[in-house]
Amino acid sequence: MSIARHWRRRHNLYRLIGTRCRSCGRTFYPQAQRCIYCGSSDVEQARIDGEARLLSYSIVYSVTDEARYEAPVILGLVEVGGVKLITEITDASPGELEVGMRLEPVLRKVSIHGESGLIYYAVKFRPAMGGGGSGED
Amino acid sequence: MAWISGVGMVRINRHYQKGLRDLAVEAASQALRDAGIDGVDYVVVASSSSYKQVGQLDLAGYTASYLGLRGARSLAVEAGEASGLAGLLAAYSLVASGSADTVLLVGVDKLTEYNSGEAYDMIEGLYDIEGEGFYNIGHAGVAGLLMRLYMHEYGVDRLTMSYWPAVMHANAKQNPYAMLRFAVTPEKVASAMPLADPVTLLDSYPLGDGAAAVVITKRPGQVRIAGVETATGLPSPAHRDDPLYLESVAEAVSRLGLSREELEGIDVMEIHDSFTITAYMILETLGLSDKGRAAKDLAEGKYTVEGGGPVMNPSGGLKARGHPIGATGVYQLAEVTMQLRGDFPGVKVDGARRGMVISMNAMGSSAYTALLQAE
Chain H
1 MSIARHWRRR HNLYRLIGTR CRSCGRTFYP QAQRCIYCGS SDVEQARIDG EARLLSYSIV
61 YSVTDEARYE APVILGLVEV GGVKLITEIT DASPGELEVG MRLEPVLRKV SIHGESGLIY
121 YAVKFRPAMG GGGSGED
Chain W
138 MAWISGVGMV RINRHYQKGL RDLAVEAASQ ALRDAGIDGV DYVVVASSSS YKQVGQLDLA
198 GYTASYLGLR GARSLAVEAG EASGLAGLLA AYSLVASGSA DTVLLVGVDK LTEYNSGEAY
258 DMIEGLYDIE GEGFYNIGHA GVAGLLMRLY MHEYGVDRLT MSYWPAVMHA NAKQNPYAML
318 RFAVTPEKVA SAMPLADPVT LLDSYPLGDG AAAVVITKRP GQVRIAGVET ATGLPSPAHR
378 DDPLYLESVA EAVSRLGLSR EELEGIDVME IHDSFTITAY MILETLGLSD KGRAAKDLAE
438 GKYTVEGGGP VMNPSGGLKA RGHPIGATGV YQLAEVTMQL RGDFPGVKVD GARRGMVISM
498 NAMGSSAYTA LLQAE
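If you're matching them up, the sequences are chains H and W in order.
Note that this note's numbering has the first sequence beginning at 1, numbered continuously upward.
Note that this note's numbering has the second sequence beginning at 138, numbered continuously upward.
Don't take every hint at face value.
Said to hold, decoys possible - List time: in silico DSS-like cross-link candidates among lysine-lysine, alpha-carbon distance up to 27 Å:
(1) K109/H x K84/H
(2) K355/W x K84/H
(3) K439/W x K310/W
(4) K325/W x K189/W
(5) K310/W x K325/W
(6) K189/W x K109/H
To be verified - Here chain W is said to cover these stretches of chain H; the calculated rule only asks that three of the stretch's residues, wherever they fall, bring their Cβ under 8 Å from a Cβ of chain W:
(7) 13-25
(8) 78-90
Claimed, not checked - Chain H is faced by these chain W residues, among others (derived, beta-carbon under 7 Å):
(9) Y257
(10) E267
(11) H289
(12) A363
(13) D427
What the hints contain is simulated information worked out from the structure, not anything from laboratory work.
By construction, the Cβ of each residue, glycine as well, lies at the ideal position given by its N, Cα and C atoms.
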């Protein structure tokens with residue numbers, strides 16, 4: 001991971017900024033200059049927020065050296081306000097996870113840069129506080 | 138029009154005794170010998186992980202030089218896990234356009250120069266580094282997400298999922314070029330060490346080094362390249378309405394212009410089974426199995442020499458033959474060519490006339506396919 005790249009993407013990673021296409025109406029993550037669906041350059045930055053649900057998850061044991069102290073990592077396929085993205089799940093043990101459960105965003109450490117010791121942060125998701133449990137319907 | 142006139146393969150393994158160049162020269166020399174030639178117009182080298190793992194740039198130039206092909210034209214191609222077939226597209230285009238009479242395509246990659254953590258770091262780069270690749274996805278995390286999604290959506294249990302690796306290991310056991318030449322049961326696959334739960338160690342390809350080569354020529358011979366096609370896809374499976382549908386694979390194959398009967402009538406295929414789930418996604422995307430049915434079809438014997446449908450991965454596939462990232466597509470080409478010539482030294486598909494290769498990067502960021510025909 002590059003320090004410059006992380007700095008450049010800080011808003012994108014800390015506030016979960018994606019892209020909304022004014023032409024076809026689709027919203028996606030991450031930021032892009034043109035729509036990945038229709039090719040239009042009539043796009044704007046869009047905050048990815050709204051109700052979040054867990055569509056699938058994986059408990060990842062085989063990780064890179066930079067992330068070995070984070071293992072196992074819980075990876076999630078999450079739907080946030082109608083936008084699907086792949087992110088990390090935190091503050092949960094694997095046994096608590098259920099497909100369909102409600103989630104909420106939280107800023108957390110992702111990895112530590114090997115040589116500089118710089119800590120990389122980004123939005124992750126955790127089980128929603130205040131109950132609601134599995135929202136599978 | 139272009140034909141494949143020679144093939145060469147090095148057994149995929151942890152080749153601590155051999156460098157990237159040794160592997161490339163070994164496979165290429167075999168292919169030149171097999172084709173009965175000692176010179177070519179072009180050397181196309183397909184490689185992916187070597188740029189990070191080995192650190193050699195202008196790999197095509199150095200490979201041509203150390204093959205003793207002084208002055209030959211050279212070109213390197215990189216398309217992640219699909220590099221090998223992307224290399225075929227370049228080689229085929231050179232011959233079909235008349236720019237070259239004969240092209241040597243070499244696929245080579247080395248994954249064991251450092252520990253596996255370093256290899257995972259490189260492999261994460263197969264995914265979008267500004268998308269999911271920023272997170273700690275490892276090499277199997279996205280496969281884990283898609284596998285659980287599939288099992289949940291279609292109600293398929295872990296044991297039923299496990300037939301693919303069992304069949305692949307049985308095939309690889311007879312392939313002298315395969316890395317994992319031992320049998321495993323579905324039960325053993327299901328209960329193996331988790332890499333990215335529900336993906337276990339035995340659902341994944343092994344980390345190995347390898348090189349394969351083919352000679353492509355305008356001179357008519359035994360195996361004709363009947364088509365090469367490609368398509369790009371959305372950057373992440375999360376961008377797809379159905380993350381389990383590989384639109385790039387579907388588009389690339391549809392561009393070959395085959396009818397449904399022609400596709401189902403293909404005798405042998407080598408497909409990109411980087412993980413168990415990837416194989417099922419390809420079979421269902423092609424419509425060879427109904428959605429949610431691929432694992433069950435396989436458990437009932439389909440896709441084997443004894444069963445119905447095209448025979449899938451008689452080599453043992455990425456799963457058990459091995460998957461030296463950028464070299465894999467060239468192994469697939471060499472294997473299908475040998476099946477059509479009738480001299481593949483493992484599980485044989487007797488009388489095979491038509492073969493297909495399907496390759497892709499990550500979970501379909503791009504896909505390539507080749508159709509080969511016995512003449």
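Now the hints, each set against the structure:
no., hint, result
1, K109/H x K84/H, "holds, 21 Å"
2, K355/W x K84/H, "violated, 47 Å"
3, K439/W x K310/W, "holds, 19 Å"
4, K325/W x K189/W, "violated, 34 Å"
5, K310/W x K325/W, "holds, 16 Å"
6, K189/W x K109/H, "holds, 26 Å"
7, 13-25, "violated (count 1)"
8, 78-90, "holds (count 5)"
9, Y257, "holds, 5 Å"
10, E267, "holds, 5 Å"
11, H289, "holds, 5 Å"
12, A363, "violated, 32 Å"
13, D427, "violated, 21 Å"
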